[in-house]
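Trainee: Listed below are the residues making up each chain.
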Amino acid sequence: MPIELKMPALSPTMEEGTLARWLVKEGDTVSSGDLIAEIETDKATMEFEAVDEGVITQLLVAEGTDGVKVGTVIAVIKGDDDDASAVPKAATPAEAQAPTPPPAVTPAPAPAPAAIAAKSSSDRIIASPLAKRIAANSGINLTGMTGTGPNGRIVKADVEALSGEGRSPVALPAVDPGLRREAPITAAAPVDTDIPHEVVKLSNMRKTIARRLTESKQTVPHIYLTVDVRLDALLKLRGELNASLEARGVKLSVNDMLIKALGLALIQVPKCNVSFAGDNMLQYSRADISVAVSVPTGLITPIVTDAANKSLSKISTEIGELAARAKEGKLQPHEYQGGTASISNMGMMGIKQFEAVINPPQAMIMAIGAGEKRPYIVDDALAIATVMSATGSFDHRAIDGADGAMLMKVFKELVEKPLGLVA
Amino acid sequence: MAENYDLIVLGSGPGGYVAAIRAAQLGLKVAIVERENLGGICLNWGCIPTKALLRSAEIYHYMQHAGDYGLTAANISADIDAVVKRSRGVAKQLNQGVTHLMKKNKITVHMGDGKLTAANKLTVTKDGKTEELTAKNIILATGARARDLPFAPADGKRIWTYRHAMVPPEMPKKLLVIGSGAIGIEFASFYNDMGAEVTVVEMLDRIVPVEDADVSTFLEKALKKQGMTIMTGAGVEELKATASGVSAKIKGKDGKVVGSEFTHCIVAIGIVPNTENIGLEALGVEMDRGFLKTDPMCRTNVPGLWAIGDITAPPWLAHKASHEGVIAAEAIAGGHPHAMDPLNIPGCTYCHPQVASVGMTEAKAKEAGFDVKVGNFPFLGNGKAIALGEAEGFIKTVFDAKTGELLGAHMVGAEVTELIQGYTIGKTAELVEADFMHTVFPHPTLSEMMHESVLGAYGKMLHM
Chain Z
1 MPIELKMPAL
11 SPTMEEGTLA
21 RWLVKEGDTV
31 SSGDLIAEIE
41 TDKATMEFEA
51 VDEGVITQLL
61 VAEGTDGVKV
71 GTVIAVIKGD
81 DDDASAVPKA
91 ATPAEAQAPT
101 PPPAVTPAPA
111 PAPAAIAAKS
121 SSDRIIASPL
131 AKRIAANSGI
141 NLTGMTGTGP
151 NGRIVKADVE
161 ALSGEGRSPV
171 ALPAVDPGLR
181 REAPITAAAP
191 VDTDIPHEVV
201 KLSNMRKTIA
211 RRLTESKQTV
221 PHIYLTVDVR
231 LDALLKLRGE
241 LNASLEARGV
251 KLSVNDMLIK
261 ALGLALIQVP
271 KCNVSFAGDN
281 MLQYSRADIS
291 VAVSVPTGLI
301 TPIVTDAANK
311 SLSKISTEIG
321 ELAARAKEGK
331 LQPHEYQGGT
341 ASISNMGMMG
351 IKQFEAVINP
361 PQAMIMAIGA
371 GEKRPYIVDD
381 ALAIATVMSA
391 TGSFDHRAID
401 GADGAMLMKV
411 FKELVEKPLG
421 LVA
Chain U
1 MAENYDLIVL
11 GSGPGGYVAA
21 IRAAQLGLKV
31 AIVERENLGG
41 ICLNWGCIPT
51 KALLRSAEIY
61 HYMQHAGDYG
71 LTAANISADI
81 DAVVKRSRGV
91 AKQLNQGVTH
101 LMKKNKITVH
111 MGDGKLTAAN
121 KLTVTKDGKT
131 EELTAKNIIL
141 ATGARARDLP
151 FAPADGKRIW
161 TYRHAMVPPE
171 MPKKLLVIGS
181 GAIGIEFASF
191 YNDMGAEVTV
201 VEMLDRIVPV
211 EDADVSTFLE
221 KALKKQGMTI
231 MTGAGVEELK
241 ATASGVSAKI
251 KGKDGKVVGS
261 EFTHCIVAIG
271 IVPNTENIGL
281 EALGVEMDRG
291 FLKTDPMCRT
301 NVPGLWAIGD
311 ITAPPWLAHK
321 ASHEGVIAAE
331 AIAGGHPHAM
341 DPLNIPGCTY
351 CHPQVASVGM
361 TEAKAKEAGF
371 DVKVGNFPFL
381 GNGKAIALGE
391 AEGFIKTVFD
401 AKTGELLGAH
411 MVGAEVTELI
421 QGYTIGKTAE
431 LVEADFMHTV
441 FPHPTLSEMM
451 HESVLGAYGK
461 MLHM
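From first to last, the protein sequence lines stand for chains Z and U.
For the first sequence, the numbering used here begins at 1 and goes up steadily by one.
For the second sequence, the numbering used here begins at 1 and goes up steadily by one.
Mixed in with the good hints, there may be bad ones.
[Said to hold, decoys possible] Lysine-lysine pairs mimicking DSSO-like chemistry, simulated, CA-CA at most 27 Å apart:
1) Z:Lys25 / Z:Lys69
2) U:Lys103 / U:Lys129
3) U:Lys460 / Z:Lys132
4) U:Lys136 / U:Lys104
5) Z:Lys217 / Z:Lys271
6) U:Lys373 / Z:Lys132
7) Z:Lys314 / Z:Lys330
8) U:Lys221 / U:Lys384
9) U:Lys225 / U:Lys253
10) Z:Lys6 / Z:Lys25
11) Z:Lys327 / Z:Lys207
12) U:Lys173 / U:Lys224
13) Z:Lys330 / Z:Lys69
14) U:Lys366 / Z:Lys132
15) Z:Lys132 / U:Lys364
16) Z:Lys69 / U:Lys402
17) Z:Lys132 / U:Lys402
18) Z:Lys412 / Z:Lys310
[Unchecked claim] Covered by chain Z, per the in silico footprint, the following chain U stretches (three or more residues, Cβ under 8 Å):
19) 400 to 413
20) 430 to 437
[Said to hold, decoys possible] Derived CB-CB ranges, DEER-like:
21) Z:Arg206 / U:Asp295: 33 to 43 Å
22) U:Ile425 / Z:Val227: 48 to 58 Å
23) Z:Asp194 / U:Pro314: 52 to 62 Å
24) U:Gly389 / Z:Val70: 52 to 62 Å
Worth flagging that the hints you see were computed from the coordinates, not collected in a lab.
C-beta: ideal position from N, C-alpha, C; glycine also.
Let the sequences and hints guide you as you build the complete structure.
Mentor: See the structure below:
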C-alpha cells in the first residue's frame with residue numbers, strides 16, 4: 001500500500017501552511033523520525049518528520065507553495081510490497097494553492113457592509129452552513145474571520161459582501177455602519193508606481209503581524225503612561241549577581257531583570273494582568289510575559305511563563321534558549337501563543353522612549369527605552385544618574401488610567417530597589 | 001410640569017406593548033399611550049379572538065363528521081352568540097394579561113388619544129382633559145384599520161369589516177366576502193363551517209395571492225369542496241345595503257356583470273395605516289405610499305422618533321410588529337440588535353385547511369434568477385395525517401440549487417401553522433438542505449412531511 005503523507009497540523013489552530021522546503025527528494029528512502037520537510041505556519045517554521053518507512057515515490061506539492069490546507073496529500077511513500085504505479089490522486093494545484101483570503105486586497109473599503117473583520121485567534125470557523133457553502137463555492141477562505149451574525153457568526157450577507165458578489169436577489173437592508181460591532185479591516189490600496197522596485201511576497205508571519213497590529217490599533221483604545229526609572233541600583237546588583245553566577249555560565253541581562261520586574265508588578269497590581277473579552281474580563285492569577293524578539297522575517301514573542309516566581313537565572317537561561325530558537329524559526333506554538341502581557345526593549349538600539357502596540361488579547365505591553373546617563377535631581381542637587389524611560393500601553397477598555405499608573409509605579413520601585421527581584 | 005420618560009410608546013398592540021416591555025427590561029423609564037384597549041387590535045379584535053371563533057367552527061365541523069371517526073353526535077347545532085361570547089372572553093383574558101405585564105414591568109399606562117407636538121413631546125387627551133408627556137425617544141405603533149370600499153363604507157349592520165364580523169349581530173345566511181387575503185379567507189372559512197352560504201370575490205386570478213400558486217390552487221379546490229363559491233379575477237362593481245341584506249353587482253372573469261343578493265358582506269380588501277391625527281404632518285416624517293419610512297433599526301427620518309408594525313412597510317403581521325418592537329427598544333437602549341430579514345418572517349392563515357409559509361414562492365425565486373430545486377410531499381403519504389383523518393394538503397420546499405439555501409416553504413393542511421416555525425428557525429440560522437436532511441424528525445408526526453419535502457427536493461423522498 002502506498003502511504004499518503006498529508007499536510008500536518010503543527011498547532012491546534014493551524015489550518016494551512018507553506019511548504020517551505022523539501023528535505024528529501026523522490027527516490028529517497030526514509031525511516032521513522034527522518035526529517036522530510038520544513039513547513040512554515042503563520043508564526044514559525046517547523047520540521048515535519050516521517051512516521052512510516054519506505055521510498056518517497058512522489059512529491060506532490062512544490063517547494064514554496066502557499067496555503068496548503070491541513071490534510072492535503074503532499075507526498076507518497078511506497079511501502080515494501082508496493083506496486084509503484086498505484087499512486088493516489090495528486091493534489092490538484094487548485095487545492096494546493098487555495099487562494100489566500102481576499103480581505104486585505106478587497107477593493108476600496110466600501111462604506112456599506114464590509115462585513116468580515118479579522119479576528120484575533122483563528123480557531124474554529126464560526127459560520128452558518130449557508131455562509132460556508134457560499135464561501136466554498138466562491139473559493140473564499142473564512143479562517144480567522146468574524147461576521148455580523150449572533151456572536152460574530154459569519155452569515156451569508158458577510159460572505160457576499162466579501163466576495164463582492166451582491167448577486168443575491170435577497171436585498172438585505174443596509175445596516176447602519178455605526179451599529180457594527182467589529183471594525184472592518186481597512187484594505188491597503190494597491191500601489192501603482194513607476195519607481196524601480198521589486199515585489200516581495202509577504203511571509204505568513206508578516207501577514208499575521210499586519211493583521212494583528214491593524215486589529216489592535218483599530219479595536220483597542222490604547223493609553224500610554226511613561227515613567228523615568230533610575231537604573232543605577234539595578235546595574236550594580238546585576239554586576240554583583242553576574243560575578244557570582246559566572247561559575248554557572250549564566251549572565252543576566254538588564255532585560256532579564258525587567259521581565260521579572262514586570263511579572264512581579266503584574267501580580268501586585270492584578271487589575272493590569274487581564275484580558276478584555278466582550279462581556280467579561282479575564283483576570284489572570286499568573287503573569288506570563290511575552291518577550292518581543294526581532295527575527296529576520298519579522299517579530300515573534302516567546303513566553304516566559306510565571307515570570308514572577310522564576311529566579312532571574314532561570315529567566316535568563318530560558319529566554320536565551322527561546323530567543324535562539326526563535327531566530328531559527330523553530331519555536332513550538334505553545335512557546336509563543338498566549339502570555340498575559342508583553343515587554344519590548346529597544347534600548348540596545350538607542351531608542352530613548354517609544355509606545356508599543358498591544359498584542360491582543362493581552363491588555364498591556366511595556367516599552368523599554370535606552371538606559372543612559374542623564375542629569376538627575378538627587379536630594380535637591382543636580383547629579384548624574386543612569387535613567388531609562390519605560391512606557392506602558394494599556395487597553396483602556398479593561399484598565400483605568402489610575403490602575404495603569406499604579407502598575408508603572410510598582411514597576412519603577414522594583415527596578416529602583418531591585419533587591420525585591422531576588423527576594 | 002410635563003411628565004418625562006426615556007421612552008413613550010404610542011399604541012399598545014403587539015408591537016407597542018412588546019417594545020415597552022423590552023425597553024423596561026433594559027432599564028428605561030417607559031410609558032405607553034393607548035386610546036382603546038391594551039393589546040391593540042391583535043388580541044382584542046384580531047388574531048386571538050378570531051382563533052377562538054375558528055376553534056368553535058373546527059369543533060362544530062368535527063361534530064358534524066363524528067361518524068368518520070366511529071362516533072355518533074346527535075342534535076348538533078351552533079349558537080353564534082355563545083361562540084362569540086367565548087371569543088370575547090378569550091380576548092378579555094389576554095387584555096388583562098397585558099395589563100398585568102405593564103404593571104409587572106413598571107410601565108406607566110396613559111389611556112387617551114396621543115398626538116405628537118414635537119419629536120420628543122406628545123399630548124394625551126381623554127374626556128376633554130389633556131396631559132403633556134416628554135421623552136428622549138418615542139416609538140409610534142398606532143397600527144392600521146380595515147380599508148373601506150370607496151363606494152360602500154362599512155355600516156356594521158349589513159356591510160362589515162373584520163371588526164363587525166367578529167361580533168356579528170346575527171348569523172349571516174348568505175355571505176359575500178370581498179378579498180381573499182388572510183382575513184377574508186379566515187372569515188369565509190369560519191362562516192362556511194358555521195353553516196352560511198359563502199361567496200368569495202377576489203380581484204386577482206387566485207385566492208390567497210401572496211402565497212405560492214400551488215397553495216392557492218389547492219386551497220381553492222378544498223374550499224369549493226366544502227361548498228364555498230369562489231370567484232377569482234372578479235370585482236364588485238356596486239354594493240348596496242338594503243333592508244333585508246346587501247345587493248351586489250359582480251363583474252366576473254368573463255367580463256359579465258351579474259347582480260346577486262346576500263344577507264351580509266365582509267369587506268377585506270386591505271388595511272389603512274393609522275397615521276392621521278397623531279401629529280406626523282408638522283414633524284415632516286418621511287412616508288412611502290402612506291406608510292412611515294424606517295431604517296432597519298426602525299428609526300424614522302426624525303431623530304428620536306421610531307416606528308414599528310402596521311404603520312410601516314409590510315408584511316403587516318403581529319409577529320413582525322413585535323419583533324420590530326424588540327429591535328427598536330434594544331437600539332434605543334444602546335444595544336446592537338440584528339436587523340430583521342423580511343424573507344424570514346412566516347405567515348399563517350387559519351382557514352380550514354390551514355395555510356403557512358415563509359420566504360419566497362417558487363415563482364418569486366425563479367423570477368429573482370435562482371435555479372431552484374423543489375420538493376413537495378402530500379399529507380396522503382403521512383401516517384399521522386391519515387390517522388387524524390386529515391389527509392389533505394402538502395408541504396412544499398424551494399431550495400437554491402447552487403447553495404442549498406432554503407428559499408421558501410409553503411404548506412397547506414392540518415396544523416401547518418404550528419409546523420412552519422421549524423423551517424423558519426432553519427432559514428434564520430441559514431441551514432442548508434444537508435442540515436434538514438440530517439435532522440431527525442419524530443414519528444409519528446406531521447413534521448415528518450417537512451423532512452420528506454426536503455428529501456424530495458433532492459430526489460431522495462422515502463415515503464412516496
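Trainee: Which numbered conditions among the earlier hints are violated in the structure presented, ordered from lowest to highest?
Mentor: No hint contradicted; all consistent.
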